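Please build the complete structure, drawing on both the sequences and the hints.
Protein chains in written order, with the working numbering: chain A, 1 to 149; chain B, 150 to 262.
These aren't lab readings, by the way, just hints derived from the structure by calculation.
A few of these clues could be false.
Claimed, not checked - Just the calculated beta-carbon pair ranges, DEER-fashion: (1) 220/B <-> 74/A: 45 to 55 Å; (2) 80/A <-> 189/B: 44 to 54 Å; (3) 13/A <-> 232/B: 18 to 28 Å; (4) 239/B <-> 1/A: 37 to 47 Å.
What the hints assert, rightly or not - Here are some, though not all, of the chain A residues that point toward chain B, as calculated from beta-carbon distances under 8 Å: (5) 1; (6) 5; (7) 37; (8) 41; (9) 44; (10) 47; (11) 105; (12) 106; (13) 113; (14) 116; (15) 119.
Keep in mind that this is a model prediction, so the values were computed, not measured.
No residue lacks a Cβ here, since even glycine has one placed at the ideal position from N, Cα and C.
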Amino acid sequence: MKVLTRKYTDLDRAIDEVQSLSETWPVARLNGSLDAEMIHCTSLVLHEWIANLHQHAEFRGASPTLEVRLSVQDYNVHCSVVDNSEGFDLNAHISSKDEELETLPERGMGLRIIETCTDDLSYTQTDDGLHCFEFIIPADHDPWLNTLF
Amino acid sequence: MSFKVETAPRETVIIHVGEALDFRNADEFKETFQEHIDKGIRQFILDFSDTEVLDSTGLGSIFSLYRAISPDDGKVAFADVSEPVQVVVQLTRTYKVFRQFPSVEAAEEAFAG
Chain A
1 MKVLTRKYTD
11 LDRAIDEVQS
21 LSETWPVARL
31 NGSLDAEMIH
41 CTSLVLHEWI
51 ANLHQHAEFR
61 GASPTLEVRL
71 SVQDYNVHCS
81 VVDNSEGFDL
91 NAHISSKDEE
101 LETLPERGMG
111 LRIIETCTDD
121 LSYTQTDDGL
131 HCFEFIIPAD
141 HDPWLNTLF
Chain B
150 MSFKVETAPR
160 ETVIIHVGEA
170 LDFRNADEFK
180 ETFQEHIDKG
190 IRQFILDFSD
200 TEVLDSTGLG
210 SIFSLYRAIS
220 PDDGKVAFAD
230 VSEPVQVVVQ
240 LTRTYKVFRQ
250 FPSVEAAEEA
260 FAG
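Okay, structure coming up:
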């Protein structure tokens with residue numbers, strides 16, 4: 001299993017680069033490995049996650065560091081993003097998002113989009129004090145949100 | 150990056166979204182459309198032909214535009230929607246709110262009719 005690994009110290013650059021996975025991820029370029037929608041979903045989830053870190057994460061005065069790892073197993077995309085922020089309780093945030101969202105909301109859709117596109121979502125502390133966001137984009141998924149209108 | 154804007158017949162404005170509408174330029178997008186709302190414009194065509202990124206904050210700013218003009222029967226149309234934007238449109242079922250057209254010209258014709 002080939003794993004694509006990218007390290008970043010600039011969150012803006014990380015956001016810009018995850019948009020071009022279809023060009024920069026060799027597996028994605030192989031015909032039939034992944035369909036375009038899965039690649040766009042992967043880019044979207046990574047964008048939303050890193051944007052969330054960019055806007056809200058506390059890095060305790062340190063420069064942000066990110067390590068993004070991507071692989072394909074049984075046609076599903078497996079991804080992890082390790083960061084050096086203080087972290088937060090993802091499950092608590094997702095639970096709070098279950099509360100009724102206003103119609104056509106201006107904010108608060110990012111975690112919903114992430115949750116809708118993914119399986120096996122987690123954000124946990126690693127043994128060395130970093131935080132690891134992990135998710136799977138399943139091949140047989142047809143995600144949609146029905147809570148915005 | 151500023152948004153390229155064109156005026157069209159029947160008090161319509163075309164906003165060329167460009168490469169990205171995300172949390173980094175959503176406020177600028179809102180300033181752009183608000184300037185035209187203040188001048189009385191109520192019909193907007195968003196050209197997504199070059200757009201690689203539409204994130205939740207960018208979509209939220211489009212919802213703000215819609216909320217601002219819908220009380221006056223305003224319209225927002227999506228034109229020439231790129232593949233990455235189409236994924237967001239399908240995921241959020243935004244097509245239920247915003248009509249989509251294959252080109253800016255097709256959207257203009259629909260508004261003119």
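A quick look at each hint next to the structure:
The hinted window of 45 to 55 Å between residue 220/B and residue 74/A holds, with their beta carbons roughly 50 Å apart. The given range of 44 to 54 Å is respected by residue 80/A and residue 189/B, whose C-beta atoms sit roughly 50 Å from each other. Checking the proposed 18 to 28 Å range against residue 13/A and residue 232/B shows it holds: the Cβ atoms sit about 23 Å from each other. The hint said 37 to 47 Å for the Cβ distance between residue 239/B and residue 1/A, and at roughly 30 Å that hint is violated.
Checking residue 1/A against chain B by beta carbon gives a least distance of about 26 Å; that is not within 8 Å, so the hint is violated. Checking residue 5/A against chain B by beta carbon gives a least distance of about 23 Å; that is not within 8 Å, so the hint is violated. For residue 37/A, the interface hint holds, since its Cβ comes within 8 Å of a Cβ in chain B; the closest pair sits about 6 Å apart. Satisfaction of the interface hint for residue 41/A is found here, the shortest Cβ-Cβ separation to chain B being roughly 6 Å, below the 8 Å cut-off.
For residue 44/A, the shortest C-beta to C-beta distance to chain B is roughly 7 Å, which falls under 8 Å, so the interface hint holds. At a threshold of 8 Å, the smallest CB-CB gap from residue 47/A to chain B is about 6 Å, leaving the interface hint in force. Below 8 Å, beta-carbon pairs count as interface contacts, and residue 105/A has one with chain B at about 6 Å; its hint therefore holds. Annotation: residue 106/A was flagged as interfacial toward chain B, and the flag holds, the nearest CB pair being 4 Å apart, inside 8 Å.
Evaluation of the residue 113/A hint against chain B yields a held restraint, the C-beta minimum of about 6 Å falling below 8 Å. The criterion of a C-beta within 8 Å of any C-beta in chain B is met by residue 116/A, whose closest approach is roughly 7 Å, and the hint holds. The interface hint given for residue 119/A is violated, since its Cβ lies 15 Å from the closest Cβ of chain B, which is over the 8 Å cut-off.
Hint check: violations occur at hints 4, 5, 6, 15; the rest are consistent with the structure.
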